[in-house]
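For chain A, the structure is supplied; the task is to place chain B on it using the hints.
From first to last, the protein sequence lines are chains A and B.
Per the working numbering, the first sequence runs over residues 1 to 120.
Per the working numbering, the second sequence runs over residues 1 to 120.
Everything labelled a hint here was simulated from the structure, so no lab data went into it.
Treat the hints with care, as some may be off.
Stated by the list, open to error - Where chain B lies over chain A, by a calculated footprint (3+ residues, C-beta under 8 Å): (1) 6-12; (2) 32-44; (3) 67-77; (4) 102-115.
As the list claims (entries may be wrong) - Derived BS3-like pairs (lysine-lysine); straight-line CA-CA distance at most 30 Å: (5) Lys-94/A with Lys-5/B; (6) Lys-31/B with Lys-88/A; (7) Lys-31/B with Lys-119/A; (8) Lys-100/B with Lys-43/A.
Don't be surprised by glycine CBs; every beta carbon is placed ideally from N, CA and C.
Residue strings, one per chain:
Number of protein chains: 2
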Amino acid sequence: MNSAKHILLDLYDCDIELIDSSEFVLSTLVKSAEISGCKILNKYFHKFSPQGVTGLICVCESHFSIHTWPEYGYCAIDIFCCKDETDKSIEFLKKSFKAKKTKTRVMERKFINEDNYDKS
Amino acid sequence: MNSAKHILLDLYDCDIELIDSSEFVLSTLVKSAEISGCKILNKYFHKFSPQGVTGLICVCESHFSIHTWPEYGYCAIDIFCCKDETDKSIEFLKKSFKAKKTKTRVMERKFINEDNYDKS
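Excised from the complex, chain A in its bound form (with noise of 0.2 Å):
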């Protein structure tokens, strides 16, 4: 293995109650990641005043991150992650905060980068 998957998925158009329940939010970004085989280390959220949640979980193959802007519907969510099993994750994501749109891109993280580096 020398590279990992870091996943940033947008979620559109979700339930507001929903995505402003530091509870909801919780025990469904720790359960998406136990659904991708991940083991858990800490966990932690916060909730905004007057609306919104932050959601990070530390697991032992990198971390799960969640922001919800219930103002807008959207959520953005991050699966850094080196398990495979994380389309399961996404799609239970998806379906818990009932989004209606969604946008994932999948980008790669080279442990080991040949020449495609910043200009100096």
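Relative to the frame of chain A, chain B by itself:
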């Protein structure tokens, strides 16, 4: 504001001892968040055996994360932030870990997405 900036920063050929020190990785990531003017809500770090460090910092403006692979001299850093001062944080991180090569990708996380969705 209807989007957030999400920076994927890959650091190569770093100082191996520095990126394997949880104390150094912790203090450096915290300082990089402060340089951007972010307010820290929570910090969590984990040292892996035999090597490697993961760090997650929750800030009011979203999050900073780091995963290090000393065996490759590599760090994967994320800066998910609504602040404009992130350039200073990036320069600070590059210098602190003595990265010889870097790759920076700036991803837009749009709260409203007019057309560019996943095909269902």
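Here is what the structure says about each hint:
Look at the segment 6-12 of chain A against chain B: 4 of its residues bring a Cβ nearer than 8 Å to a Cβ of that chain, three or more, so the hint holds. Given a C-beta distance limit of less than 8 Å, the hint that chain B covers the segment 32-44 of chain A holds, as 3 residues qualify and 3 suffice. Check on the segment 67-77 of chain A: 5 of its residues sit with their Cβ under 8 Å from a Cβ of chain B, so the three-residue criterion for coverage holds. Taking a C-beta to C-beta cut-off of 8 Å, the segment 102-115 of chain A contributes 10 residues in contact with chain B, enough for the three needed, and the coverage statement holds.
Straight-line distance between C-alpha atoms of Lys-94/A and Lys-5/B comes to about 22 Å, which keeps the hinted pair within the 30 Å bound. Under the criterion of a C-alpha separation no larger than 30 Å, the hint pairing Lys-31/B with Lys-88/A is inconsistent with the structure, at around 36 Å. In summary, the hint linking Lys-31/B to Lys-119/A is supported, as the alpha carbons are separated by about 25 Å, within the 30 Å threshold. With a C-alpha separation of about 33 Å, the suggested pairing of Lys-100/B with Lys-43/A is violated against the 30 Å cut-off.
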